[in-house]
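There are 2 protein chains.
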Amino acid sequence: MAPVINGRLLFNQLPNGLPEPGKTTVYDTCETIDLETAPLNGGILVKTLVLSIDPYLRGRMRDPSIKSYAPPFLPSQPLDNYGVGLVLRSERSSFKQGDHIYGRLPFQQYIVMPAAAAEQYTVLNNDTGLPWTAYVGICGMPGQTAHHGWREFSKVKAGETVFVTSAAGPVGATVIQIAKADGLKVIASAGSDEKVAFIKSLGADVAFNYKTENTREVLAREGPIDVYWDGVGGETFEAAIGAASVGARFIECGMITAYNGGEPYYVKNLLYIVGKQLRISGFIVTSLHQAHLSHFYETFPKLVKEGKIKYKEDVTKGLEHAGHVIVDVLTGRNKGKSVILVGEE
Amino acid sequence: MAPVINGRLLFNQLPNGLPEPGKTTVYDTCETIDLETAPLNGGILVKTLVLSIDPYLRGRMRDPSIKSYAPPFLPSQPLDNYGVGLVLRSERSSFKQGDHIYGRLPFQQYIVMPAAAAEQYTVLNNDTGLPWTAYVGICGMPGQTAHHGWREFSKVKAGETVFVTSAAGPVGATVIQIAKADGLKVIASAGSDEKVAFIKSLGADVAFNYKTENTREVLAREGPIDVYWDGVGGETFEAAIGAASVGARFIECGMITAYNGGEPYYVKNLLYIVGKQLRISGFIVTSLHQAHLSHFYETFPKLVKEGKIKYKEDVTKGLEHAGHVIVDVLTGRNKGKSVILVGEE
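Protein chains in written order, with full-length UniProt numbering: chain A, 1 to 345; chain B, 1 to 345.
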């Protein structure tokens with residue numbers, strides 16, 4: 001069989017503000033691979049089917065000397081993120097041809113995975129028959145983020161009130177549904193009327209467009225809030241502190257407003273952290289896997305399959321579009337969990 | 001017996017920035033009381049012996065329409081705070097003449113306490129024979145704050161590092177000693193060389209004067225920090241976020257730099273709350289009494305009496321000086337736990 005092109009999305013240069021496709025990232029087609037003869041040296045050959053696109057990727061486009069929770073992308077190397085791949089060939093007993101694997105995959109169409117690296121992947125059995133894209137969304141990192149963060153930090157009682165931001169995003173939309181199942185009043189915000197309609201359809205009691213309604217005023221009317229699910233930070237974080245009840249729990253899963261550099265919004269009421277006895281917890285989903293991942297896989301795919309937890313995907317076909325899709329998720333233009341369909345089975 | 005003057009420190013007008021004795025507070029001697037004949041109507045007559053002076057009193061000098069954790073002082077009424085009083089006469093079976101009681105007392109020399117109000121006081125047995133002033137300091141609210149906050153939130157392992165601010169204050173100085181007993185490396189800051197010498201004498205491994213050494217640089221050299229004991233907020237809070245290890249615990253017991261109004265310092269690195277997975281907990285000591293107060297009284301007075309926990313008092317004689325002493329604690333001029341000796345036994 002003749003070699004085929006092995007397309008890759010490479011990290012090219014540091015962005016200043018929002019990343020720019022063609023500058024920050026470059027789609028490269030100069031490499032080829034012979035899928036039948038490429039030597040595996042004891043590893044596996046994987047075809048990338050699905051890649052997840054998430055706001056936190058912006059944080060990895062940084063000077064490698066700056067430390068942060070996720071490693072920086074390296075110049076001229078492919079980006080990477082959670083994805084689902086198909087095993088085309090295997091020289092390891094733990095994987096066989098036709099297996100679907102989940103884990104961090106580089107942004108390239110085919111990967112020869114060395115033996116040691118292969119072991120970090122999970123084989124998905126998918127006995128509920130969900131589409132593979134679901135495994136980077138509602139049944140992948142975003143769903144796990146909502147599930148783990150809520151179980152670890154929310155400490156809710158029925159009748160309490162939660163404020164969910166980025167509520168039309170894959171994490172926020174899931175949090176709304178978990179919170180409703182727990183008997184809470186849910187206030188949720190998003191950045192377009194279309195998104196607001198979506199979060200209302202998920203059961204949010206109060207849904208508003210933060211671009212046309214003032215968050216502080218909505219919280220003054222509908223709060224106080226006992227739980228704050230934060231995906232944005234900045235001025236919204238300040239409004240949440242102002243509307244928090246005594247002992248409120250703040251679950252800090254992202255501060256997207258601070259990701260693109262520039263001057264951050266200055267929060268003026270941190271003093272209330274003491275007086276209101278707030279519990280503010282930042283977290284990274286992987287740190288909570290040990291405590292919550294098995295419960296997640298036992299319950300979530302089934303709830304999703306039964307329609308008890310709804311989700312929305314925004315699927316783009318073709319790795320060459322990934323650079324633009326990253327900008328879309330950073331500016332809120334995506335309509336559901338953003339996924340790149342890199343290859344078909 | 002002739003009536004005696006019953007001196008009182010009254011709240012007179014809202015301060016703008018630091019309170020001003022004679023304006024914000026006024027010492028008043030126009031009331032008298034006959035200690036033998038004043039009717040008790042089923043209550044008790046108390047002579048105030050000791051009153052505590054603490055930074056949080058500034059927060060109570062506010063417009064009553066502003067809500068906060070501690071109630072506002074009311075115009076023309078005496079201030080109040082934790083203190084120790086001597087029961088001169090009692091018409092309640094739960095108190096007898098000669099009892100020493102602990103609780104919130106008004107800033108006045110003698111109080112006829114109505115029956116219902118009397119029940120909020122604790123009779124101190126003081127079987128260790130500590131001076132009564134100790135019961136508003138190391139064995140009172142500041143000691144309890146250190147003890148409760150540490151037990152509830154620090155979650156330390158021996159070998160970790162803590163950064164203690166306001167470290168020469170009665171809370172911070174106690175935290176240093178608890179942390180050393182738990183096997184931690186202690187970095188501690190205070191605002192004068194004399195205070196630095198004091199905190200070194202308590203066992204701090206690294207003690208520095210934040211007015212002459214840069215907090216950020218000290219933490220870069222001596223950190224990262226696993227626990228941050230915050231009594232100051234603002235720029236120091238920012239430095240602590242910068243020097244925090246992943247999963248660090250921030251115990252927020254006060255943000256004194258924000259108490260006196262004006263523009264707060266703007267913390268620029270709140271984004272790291274997520275990436276560093278910080279646990280930030282604000283608290284008010286009274287909320288933790290249920291979980292920790294009995295352990296406190298079982299252990300602390302004994303440790304203090306045996307010299308295993310050291311403390312330092314700054315005692316001022318005479319209620320008429322209380323207005324100035326409040327300014328001293330807000331500006332860091334006190335040398336140890338600030339106490340007013342209102343009356344002798």
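It is worth saying that the hints were derived from the structure and are not from the lab. Treat the hints with care, as some may be off.
Take a look, some chain A residues computed to stay more than 12 Å from chain B by CB distance [said to hold, decoys possible]:
1. G98
2. Q109
3. N125
4. A197
5. L270
6. S281
7. L288
Straight-line distance between alpha carbons at most 30 Å, and here's what the computed BS3-like set of lysine-lysine pairs gives [said to hold, decoys possible]:
8. A:K67 to B:K268
9. A:K268 to B:K268
10. B:K200 to A:K157
11. A:K157 to B:K67
12. B:K268 to B:K23
13. B:K155 to A:K67
14. A:K211 to B:K67
Since the model is a prediction, treat every value here as computed from it, not as a measurement. We put the beta carbon where it would ideally sit given N, CA and C, even for glycine.
Each hint, compared with the structure:
With a cut of 12 Å on Cβ distances, G98 of chain A stays outside the contact zone with chain B, its closest approach being about 38 Å. Annotated as non-interface, Q109 of chain A keeps its C-beta farther than 12 Å from every C-beta of chain B; the closest such distance is 31 Å. The beta carbon of N125 of chain A sits about 31 Å from the closest Cβ of chain B, which is more than 12 Å, so the claim that it is off the interface holds. With 12 Å as the threshold on Cβ separation, the claim that A197 of chain A sits away from chain B holds: the shortest Cβ distance comes to roughly 29 Å.
Not every beta carbon of chain B lies more than 12 Å from that of L270 of chain A, the smallest distance being close to 6 Å; the non-interface claim is violated. Not every C-beta of chain B lies more than 12 Å from that of S281 of chain A, the closest at about 5 Å, which undercuts listing it as non-interface. A beta-carbon of chain B is positioned within 12 Å of the beta-carbon of L288 of chain A; the least distance is around 9 Å. A C-alpha spacing of about 16 Å is found between K67 of chain A and K268 of chain B, which places the hinted pair at or below 30 Å, so the restraint holds.
A hinted pair counts as satisfied when its Cα atoms are at most 30 Å apart, and K268 of chain A with K268 of chain B qualifies at roughly 11 Å. Annotation: proposed proximity of K200 of chain B to K157 of chain A is violated, straight-line Cα distance about 46 Å (limit 30 Å). The suggested pairing of K157 of chain A with K67 of chain B holds, with an alpha-carbon distance near 24 Å, which does not exceed 30 Å. About 37 Å separates the Cα atoms of K268 of chain B and K23 of chain B, which puts this hinted pair outside 30 Å; it is violated.
About 25 Å separates the Cα atoms of K155 of chain B and K67 of chain A, which keeps this hinted pair within 30 Å; it holds. A distance of roughly 29 Å separates the Cα atoms of K211 of chain A and K67 of chain B; the hinted pair therefore holds under the 30 Å criterion.
The earlier numbered hints that this structure contradicts are 5, 6, 7, 10 and 12.
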